[in-house]
Amino acid sequence: MAILTVRNVNKRFGGLKALDDVNLEVQPGTVHAIIGPNGAGKSTLLNCFVGRLEPDTGVVDFDGVSLLGMKPHEINQAGVSRVFQTPEIFGDLTLVENVMLPAFARRDGAFRINGWRPVLSETGIRELAMEMLRDVGLADHAQTVASQLSRGDKRRLELAMCLVQEPKLLLLDEPTAGMARADTNNTIDLLKVIAGRGITMVVIEHDMHVVFSLADRVSVLAQGTVIAEDVPERIKGNQKVQDAYLGGAHL
Amino acid sequence: MIEKHSRRGDLLLLLGFALVVAFAPTIFEPIGGGYPDLLQKFAIYGIFAVGFNILFGLTGYLSFGHAAFLGVGSYTAVWSFKLLTMNVLPALVLATVMGGLFALFIGFIALRRSGIYFSILTLAFAQMSYNLAYSVLTPITNGETGLQLTHGDPRVLDALFGVQHGDGLPSTDLFGMSMSGWSGYYFCGVVLFAMFYVSLRIFRSPFGMMLRAVKSNQNRMNYTGINTRPYTLAAFVISGMYAGLAGGLMAVTDPLAGAERMQWTASGEVVLMTILGGTGTLLGPVLGAGVIKYFENIFSAFNEATLMDVFSFLPETLQHGAVAITGLFVGEGWHLTLGALFMLIVIFLPGGLMEGVNRIKALFRGGLRRGEVRRPATMTG
Numbered sequence: 001m002a003i004l005t006v007r008n009v010n011k012r013f014g015g016l017k018a019l020d021d022v023n024l025e026v027q028p029g030t031v032h033a034i035i036g037p038n039g040a041g042k043s044t045l046l047n048c049f050v051g052r053l054e055p056d057t058g059v060v061d062f063d064g065v066s067l068l069g070m071k072p073h074e075i076n077q078a079g080v081s082r083v084f085q086t087p088e089i090f091g092d093l094t095l096v097e098n099v100m101l102p103a104f105a106r107r108d109g110a111f112r113i114n115g116w117r118p119v120l121s122e123t124g125i126r127e128l129a130m131e132m133l134r135d136v137g138l139a140d141h142a143q144t145v146a147s148q149l150s151r152g153d154k155r156r157l158e159l160a161m162c163l164v165q166e167p168k169l170l171l172l173d174e175p176t177a178g179m180a181r182a183d184t185n186n187t188i189d190l191l192k193v194i195a196g197r198g199i200t201m202v203v204i205e206h207d208m209h210v211v212f213s214l215a216d217r218v219s220v221l222a223q224g225t226v227i228a229e230d231v232p233e234r235i236k237g238n239q240k241v242q243d244a245y246l247g248g249a250h251l
Numbered sequence: 001m002i003e004k005h006s007r008r009g010d011l012l013l014l015l016g017f018a019l020v021v022a023f024a025p026t027i028f029e030p031i032g033g034g035y036p037d038l039l040q041k042f043a044i045y046g047i048f049a050v051g052f053n054i055l056f057g058l059t060g061y062l063s064f065g066h067a068a069f070l071g072v073g074s075y076t077a078v079w080s081f082k083l084l085t086m087n088v089l090p091a092l093v094l095a096t097v098m099g100g101l102f103a104l105f106i107g108f109i110a111l112r113r114s115g116i117y118f119s120i121l122t123l124a125f126a127q128m129s130y131n132l133a134y135s136v137l138t139p140i141t142n143g144e145t146g147l148q149l150t151h152g153d154p155r156v157l158d159a160l161f162g163v164q165h166g167d168g169l170p171s172t173d174l175f176g177m178s179m180s181g182w183s184g185y186y187f188c189g190v191v192l193f194a195m196f197y198v199s200l201r202i203f204r205s206p207f208g209m210m211l212r213a214v215k216s217n218q219n220r221m222n223y224t225g226i227n228t229r230p231y232t233l234a235a236f237v238i239s240g241m242y243a244g245l246a247g248g249l250m251a252v253t254d255p256l257a258g259a260e261r262m263q264w265t266a267s268g269e270v271v272l273m274t275i276l277g278g279t280g281t282l283l284g285p286v287l288g289a290g291v292i293k294y295f296e297n298i299f300s301a302f303n304e305a306t307l308m309d310v311f312s313f314l315p316e317t318l319q320h321g322a323v324a325i326t327g328l329f330v331g332e333g334w335h336l337t338l339g340a341l342f343m344l345i346v347i348f349l350p351g352g353l354m355e356g357v358n359r360i361k362a363l364f365r366g367g368l369r370r371g372e373v374r375r376p377a378t379m380t381g
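Those protein sequence lines, which keep their order, are chains A and B.
Taking the working numbering, I'd label the letters of the first sequence as residues 1 to 251.
Taking the working numbering, I'd label the letters of the second sequence as residues 1 to 381.
No lab work stands behind these hints: they were computed from the structure.
Since we're looking at a predicted model, the values are computed, not measured.
Honestly, I wouldn't trust all of these hints.
[Unchecked claim] Taking lysine to any residue and the SDA-like style, the derived pairs with C-alpha atoms no more than 25 Å apart in a straight line are:
1. Lys71/A x Asn227/B
2. Lys71/A x Lys361/B
3. Lys215/B x Asn185/A
4. Lys215/B x Arg181/A
5. Lys361/B x Thr94/A
6. Lys215/B x Ala110/A
[Unchecked claim] Across the chosen pairs, the derived CB separations fall in these ranges:
7. Gly196/A x Val97/B: 28 to 36 Å
8. Asp56/A x Trp264/B: 40 to 48 Å
9. Gln148/A x Gly181/B: 31 to 39 Å
10. Asp309/B x Ser147/A: 51 to 59 Å
11. Asp56/A x Glu260/B: 53 to 61 Å
[Said to hold, decoys possible] A few chain A positions that, by computed beta-carbon distances, are all more than 10 Å from chain B:
12. Met1
13. Thr30
14. Val65
15. Gln77
Don't be surprised by glycine CBs; every beta carbon is placed ideally from N, CA and C.
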């Protein structure tokens with residue numbers, strides 16, 4: 001059974017039809033890429049998964065539960081973590097605090113006044129956070145203030161923040177956007193390791209190199225509709241995709 | 001150093017704080033501040049500012065209406081003196097609770113917005129409370145005269161336990177301990193220490209970390225499964241309770257409550273105290289409160305005669321000139337000194353007095369870790 005089901009989703013912004021009857025199924029344990037030219041509706045679709053936007057009509061089911069009408073924090077508590085195009089981290093906090101915070105959110109829920117016991121005494125959460133920082137290669141900077149990190153390291157930190165929550169579904173919005181080639185390759189390697197752990201991922205991506213080295217399945221979005229869905233090898237050869245998305249150029 | 005703040009460091013901080021509170025009369029004697037009334041003011045405004053800092057310093061929500069909770073605390077305490085007992089404990093408990101309830105109500109509405117809109121909403125609520133206290137609510141607040149004790153007050157608890165008050169108006173006490181003079185200061189000092197300790201616990205707790213994260217990136221909070229609204233509301237209510245307690249203590253030292261305590265200038269004062277001392281630092285607000293109250297009391301008391309004494313070593317013409325110039329900054333003009341000081345600090349020490357303290361500390365530690373950028377906010381005591 002699919003972990004994420006999108007059925008007949010429509011979304012209009014005034015006269016613009018941003019999403020036109022989108023259908024999508026993401027199987028557990030796979031990496032599902034959503035590609036498409038600028039303005040195809042990729043980000044709109046992603047925002048419908050996380051509670052930032054509400055589709056006009058249609059169904060978005062996650063793990064058997066409808067995500068429609070849920071707030072972002074409720075969707076996260078249900079098991080969906082998200083990585084942003086520009087890394088969203090807590091710039092004023094140290095790296096270890098950045099990772100401990102989502103761990104607290106997982107353990108204590110959306111709100112709990114835990115105002116007496118010092119953070120220092122939370123050794124379990126701290127160990128977990130340090131383990132995640134080791135996994136993404138940032139353990140040496142655990143006490144650094146996060147705003148001082150490079151773009152690539154901020155992305156790593158953001159991934160650690162998502163992973164510590166053991167999400168059932170990880171959403172990535174152009175995870176390598178604006179990165180230097182070396183950082184891009186490092187990030188791809190890291191994402192491969194994460195995928196190897198069996199975490200389901202939905203990746204929105206521009207960079208074909210990233211898509212074809214990561215994805216198990218690819219959906220191609222153009223003008224708000226899915227024009228093709230297949231394994232990466234066959235997507236490359238799909239004439240419809242080449243026409244609509246690549247303007248006839250060969251990959 | 002693994003942690004920027006260690007348990008040992010916190011313990012030393014608390015110990016130092018306790019020593020300063022205990023020996024304040026001796027410490028402030030040389031600078032003319034060693035008398036109970038002023039020290040009591042330091043302590044009370046210190047509590048107010050420490051509580052305000054839990055909201056503003058940690059979450060970054062700048063309230064311009066905290067004087068409303070101060071006023072509510074004072075009125076509640078005076079009513080407790082009138083109706084229940086002259087013992088200060090019930091008065092302070094009720095003042096804290098009422099401050100919290102008011103904050104719950106105002107915060108629930110104002111926290112729907114953030115940034116400047118939040119500040120304006122809180123300011124509007126406080127001014128509304130101030131005007132209500134002057135007009136419609138006169139039966140509760142006694143309007144312009146202010147709420148005060150009278151001979152006819154019932155004081156049911158005192159009557160019940162047979163506590164006798166003399167012929168004059170009764171004075172506040174804690175089970176017989178007078179609340180004026182040195183015992184009054186030490187009572188406020190102990191409360192300040194307790195409230196400082198609570199604030200330290202909050203700063204070091206996961207809850208405090210959440211509040212700092214709200215200031216840092218609210219969007220990430222939401223996508224990390226955290227509902228930020230109850231966190232900010234909790235911080236708002238806690239700081240409202242601190243303000244209520246401070247207002248209650250004001251009524252303890254002088255059992256009279258007037259509406260001017262709620263005016264926007266009073267709200268602005270606590271903002272100044274916090275920024276002057278160091279927003280988001282533990283000690284900063286207490287320091288800022290002390291400095292402002294010291295200036296208000298000491299500098300405003302200076303007059304031409306005292307200045308003449310100070311400059312008596314100069315030849316007469318110079319003496320008159322010096323007095324004419326400095327005279328602008330003292331007495332009625334003490335606000336000018338405060339304003340100049342505030343500008344200097346905000347320009348040269350954006351982290352407040354605590355940034356200055358930390359820079360001096362760093363100097364003493366020598367060039368061990370030179371080049372390290374140290375931002376004092378929230379990280380160090």
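Evaluation of the provided hints:
| no. | hint | in the structure |
| --- | --- | --- |
| 1 | Lys71/A x Asn227/B | holds (9 Å) |
| 2 | Lys71/A x Lys361/B | violated (46 Å) |
| 3 | Lys215/B x Asn185/A | violated (33 Å) |
| 4 | Lys215/B x Arg181/A | violated (33 Å) |
| 5 | Lys361/B x Thr94/A | holds (22 Å) |
| 6 | Lys215/B x Ala110/A | holds (17 Å) |
| 7 | Gly196/A x Val97/B: 28 to 36 Å | violated (55 Å) |
| 8 | Asp56/A x Trp264/B: 40 to 48 Å | holds (46 Å) |
| 9 | Gln148/A x Gly181/B: 31 to 39 Å | violated (52 Å) |
| 10 | Asp309/B x Ser147/A: 51 to 59 Å | holds (53 Å) |
| 11 | Asp56/A x Glu260/B: 53 to 61 Å | holds (55 Å) |
| 12 | Met1 | holds (24 Å) |
| 13 | Thr30 | holds (22 Å) |
| 14 | Val65 | holds (15 Å) |
| 15 | Gln77 | violated (4 Å) |
Against the hints set out earlier in the document, violations occur for numbers 2, 3, 4, 7, 9 and 15.
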